[in-house]
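Asker: Take a look at the letters that make up each chain.
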Amino acid sequence: MTGILSVLELKNDEVTNSSLEVLTEAKKIATEKKQDNNAIVIGEINNNNVEKLKEYGINSLFICSTNTNKDGRITLLSGYSPEIYTMAISSVIEIIKPEIIIFSGTSVGKDLAPRIAVNNEYSIATDCISISVKPEGLEVKRPIYAGKIIETVILKTNNPKVISLKINSFNIKKQSVNEPKIKSISSNVSENVIQHLPVLKETIFPERKTLDVSEASIIVSGGRGMKDPKNFNIIEELANTLNAAVGASRAVVDAGWRPHSEQVGQTGKIVSPNLYIACGISGAVQHQVGMINSKCIVAINKDKNAPIFKFSDYGIVGDLFEIVPELTKKLKVKN
Amino acid sequence: MKILICIKQVPDTATKIKISENKKTIEQTSIKYEINPYDEYAIEEALRLKENDPNTTITVMSLGPERVKQSLTKIIAIGADNAIHLKTNEDIKNSFVVAKILANEIKKERYDLILFGKKSVDQDNNQIGIMIGEINQIPCISNCTEFKINNNTITAHREIEGAIQIFESKLPIIITQEKGKNELRYPSLRNLMAAKKKTIESIDIVEQINDDIELIKLEYPPVRKEGKIIGEGKEAVSELVRILREERKII
Chain P
-13 MTGILSVLEL KNDEVTNSSL EVLTEAKKIA TEKKQDNNAI VIGEINNNNV
37 EKLKEYGINS LFICSTNTNK DGRITLLSGY SPEIYTMAIS SVIEIIKPEI
87 IIFSGTSVGK DLAPRIAVNN EYSIATDCIS ISVKPEGLEV KRPIYAGKII
137 ETVILKTNNP KVISLKINSF NIKKQSVNEP KIKSISSNVS ENVIQHLPVL
187 KETIFPERKT LDVSEASIIV SGGRGMKDPK NFNIIEELAN TLNAAVGASR
237 AVVDAGWRPH SEQVGQTGKI VSPNLYIACG ISGAVQHQVG MINSKCIVAI
287 NKDKNAPIFK FSDYGIVGDL FEIVPELTKK LKVKN
Chain Z
2 MKILICIKQV PDTATKIKIS ENKKTIEQTS IKYEINPYDE YAIEEALRLK
52 ENDPNTTITV MSLGPERVKQ SLTKIIAIGA DNAIHLKTNE DIKNSFVVAK
102 ILANEIKKER YDLILFGKKS VDQDNNQIGI MIGEINQIPC ISNCTEFKIN
152 NNTITAHREI EGAIQIFESK LPIIITQEKG KNELRYPSLR NLMAAKKKTI
202 ESIDIVEQIN DDIELIKLEY PPVRKEGKII GEGKEAVSEL VRILREERKI
252 I
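As you go down the protein sequences, you meet chains P and Z in turn. Sequential numbering from -13 applies to the first sequence in the numbering used here. Sequential numbering from 2 applies to the second sequence in the numbering used here.
Hints were generated in silico from the structure; no laboratory data involved. The beta carbon of each residue, even a glycine, is placed where N, CA and C say it ideally should be. Treat the hints with caution; some may be incorrect.
Rough simulated footprint, nothing fancy, chain P against chain Z, three-plus residues with beta-carbon under 8 Å [claimed, not checked]: (1) 115 to 125; (2) 242 to 252.
Listed next, the in silico EDC-like pairs over lysine to aspartate or glutamate satisfying Cα-Cα at most 16 Å (straight line) [as the list claims (entries may be wrong)]: (3) Z:Lys229 x P:Glu125; (4) Z:Lys235 x P:Glu312; (5) Z:Lys101 x P:Glu107; (6) P:Lys187 x Z:Glu169; (7) P:Lys288 x Z:Glu236; (8) P:Lys142 x Z:Glu169; (9) P:Lys316 x Z:Glu240; (10) Z:Lys182 x P:Asp240; (11) P:Lys120 x Z:Asp213; (12) P:Lys316 x Z:Glu236; (13) P:Lys290 x Z:Asp213; (14) Z:Lys218 x P:Glu125; (15) P:Lys288 x Z:Glu233; (16) P:Lys290 x Z:Glu227; (17) Z:Lys171 x P:Glu69; (18) P:Lys281 x Z:Glu227; (19) P:Lys(-3) x P:Asp198.
Computed far set for chain Z versus chain P, every beta-carbon distance over 12 Å [to be verified]: (20) Lys51; (21) Glu52; (22) Pro55; (23) Thr57; (24) Thr58; (25) Arg68; (26) Gly80; (27) Glu91; (28) Lys109; (29) His158; (30) Ser170; (31) Leu190; (32) Lys198; (33) Ile204; (34) Asp205; (35) Lys226.
So here's chain Z without its partners, still in its complex pose:
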């Protein structure tokens, strides 16, 4: 089986995001870039499939600037076979443009299973994997917490509001991964050193312009003003109930 995982680097979720003076970009200096958390869950699922079926090959692909190479190397160190870097000067924001570039590269090979994180935690679009499915005419099941593959058939658990939908499909398929049960493993130092010697295929991407959507500004959400401590221990409960019932009228 041939698996492809598409990953993106995003600011570490604990990073404080600072808006630049131009109000249109974010300050890059203090940011530590990591693999998008949902992509990590997808990678771990792929590695487990490979453990069960040694005939599996895993290719990992990423669109982004030079820095994404570091993440690709890390994924090779934990078990991916190949990596493809679609090189740009900076992250492309327009989801349409991103989907088209990736769809075009993905088309060059026949993959049985193509994995994406359900969204990247920077732009929070929830779009790319689904769009690529439409462009390349490959069915896509989004938001999956887990899946298993048996004889060319995939059974996937799609998380919806208050329930899980079980979908079944033939391969090839695109899955967008929700947070799963299995955390991504760490590379050993030895494997990491070995992975650094491996060549990462690099393809220069000519950035296409799509000005359908224009960014006006970035701003911080309104600051919540600090509330008050009503009191200590269970003696304070009556006052809380009174406030919620009489002042705020929310219960």
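Next up, chain P with everything else stripped away, as it sits in the complex:
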């Protein structure tokens, strides 16, 4: 039981930024513990991305892009399958017997980490925001109660550990280029088993290509102060100008004005972008916990006593229907 295993994810043929956060953290832990730093990527990875990964100090890179049936027939993996992905990761675990397995806190990582932990009886901590190596084990901090409280726990040494990192919570740092050993592996799930597993039939993308709030570095959000769903066009224009994602408060999602995927808050996404612009959002606790960790918060609200101003870096009091278009206009000029 030694070494780190990072589970990397691909999106649109690129290694995701959250995977690079995982790799940076993995390298730090591996260096400190003087252990091997390994990674697995599931799916087809192109050469450009393999090149890119050489800057993250990986010793062995496992690539799993196929499944092998009992009769030896090999098929390409297509689409996400929790069971097959779990099997692929398990087969690498069997080879290298890592002490620490690190996932991103994405929809994939959140789905796979508990499977790996429970199947192997490893201890698990999800959505960690800091990790430190201690003599007693691995100490992690993680937000609970939607971030109202931060807990510090130790995953003790006697057992391998599975952790996932809250996205956008760690830095990405390149290392000097090294050549990882590249090992192709194949998952081994027999066709009889596959027939009984859930199958991904289709992936539906929104009509307009939009950024997701959980991944965007800038978010422009609207709340009840938008008065009407049609008025979100000014939010969308500002978001387009900034290459930002559109966010929403619970009130406007519950009213059916915006999809739930845009909701920021306790029953929506917990985000930490570089810049969060809240328009017509009063700042109820429900919303606050979802965005309080943004690096910079700007609030635009007509009520100067709105709670949102209490935790915003910069505020403008006034009519958002004048202010937001003006902001878009000013930003377009110099960009």
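Keeping the supplied structure of chain P fixed, place chain Z upon it in accordance with the hints.
Answerer: Just chain Z now, with coordinates in the frame of chain P:
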């Protein structure tokens, strides 16, 4: 069809959480406990399935202290058929232990559909439903906003970053519910009174110790210092743009 919903009670999302002096627990006195919001969406989906197919039975199960009975009664009042209370002295934090206890109870019956909220909004683990799927060898589709069932086949919408995945599977299945479109209905006073007379099956749970994970401390997140109001109306926009571009260099 037999549906099971596993629910947890959590502090109401508007509750201010206070850390106790020992820095390891939270103050219980001011907390109002409610059904976990994601579980509520799951319950509503189950009730709608039952409306469409009267042969459906809904069982609701909860692991926790005496207080969870109140939530079980409420769910009976809006349409669940049975309730099972897995009784403990307090909430168990270790997700592993929780998953094992629930998996063991779930195994005793053959359910076609087992529903969980995608996470409880107290520990924010995102683990239990998925773990139980692995332990009991039942496929689990996590993070679903909606699903429909037709002839023993479920079609579920799984929300991922910036897209929806449509999964198809045979029953039995475990679904972990993301926020859905349908809010949980309220019980009528009459149904609530009737539900109070119904017996809730109670099973005492012997708490297992798992000390793999040790809690060191709880703390509040760093306080954000109050910012400044740059100005009023659209005249203030130039200054905001200058700050964001020149001082903060974030755009």
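Asker: Once the closest CB in chain P is found, is it more than 12 Å from Lys226 (chain Z)?
Answerer: It is violated; Lys226 (chain Z) is separated from chain P by about 9 Å at its closest Cβ, not greater than 12 Å.
Asker: Taking C-beta pairs only, is Lys51 (chain Z) more than 12 Å away from all of chain P?
Answerer: holds, 23 Å
Asker: Holds or violated: are the alpha carbons of Lys290 (chain P) and Glu227 (chain Z) at most 16 Å from each other?
Answerer: Measuring from Cα to Cα gives roughly 13 Å; hence the hint holds.
Asker: Just want to verify: Ile204 (chain Z) was marked as not at the interface with chain P; is every Cβ pair farther apart than 12 Å?
Answerer: holds, 22 Å
Asker: Can the restraint linking Lys281 (chain P) and Glu227 (chain Z) be considered satisfied, given a maximum Cα separation of 16 Å?
Answerer: With Cα atoms ~14 Å apart, Lys281 (chain P) and Glu227 (chain Z) stay inside 16 Å; holds.
Asker: Please verify whether Lys(-3) (chain P) and Asp198 (chain P) have alpha carbons no more than 16 Å apart.
Answerer: Distance of about 13 Å is within 16 Å: holds.
Asker: Closer than 8 Å Cβ to Cβ for three or more residues is the test here. Does the stretch 115 to 125 of chain Z pass it with chain P?
Answerer: holds (count 4)
Asker: Report holds if the minimum CB distance from Thr58 (chain Z) to chain P is greater than 12 Å, and violated otherwise.
Answerer: holds, 24 Å
Asker: Going by Cβ atoms, does Gly80 (chain Z) stay more than 12 Å from chain P at every point?
Answerer: holds, 22 Å
Asker: Against the 16 Å threshold, does the CA-CA distance of Lys316 (chain P) and Glu236 (chain Z) hold or violate the hint?
Answerer: Holds - the C-alpha atoms of Glu236 (chain Z) and Lys316 (chain P) are around 11 Å apart, at most 16 Å.
Asker: Are the Cα positions of Lys229 (chain Z) and Glu125 (chain P) separated by 16 Å at most?
Answerer: Outside the cut-off at roughly 36 Å; violated.
Asker: Closest CB-CB distance from Glu52 (chain Z) to chain P, is it above 12 Å?
Answerer: holds, 21 Å
Of the hints listed earlier, those the structure fails to meet are numbers 3, 8, 13, 29, 30, 35, in rising order.
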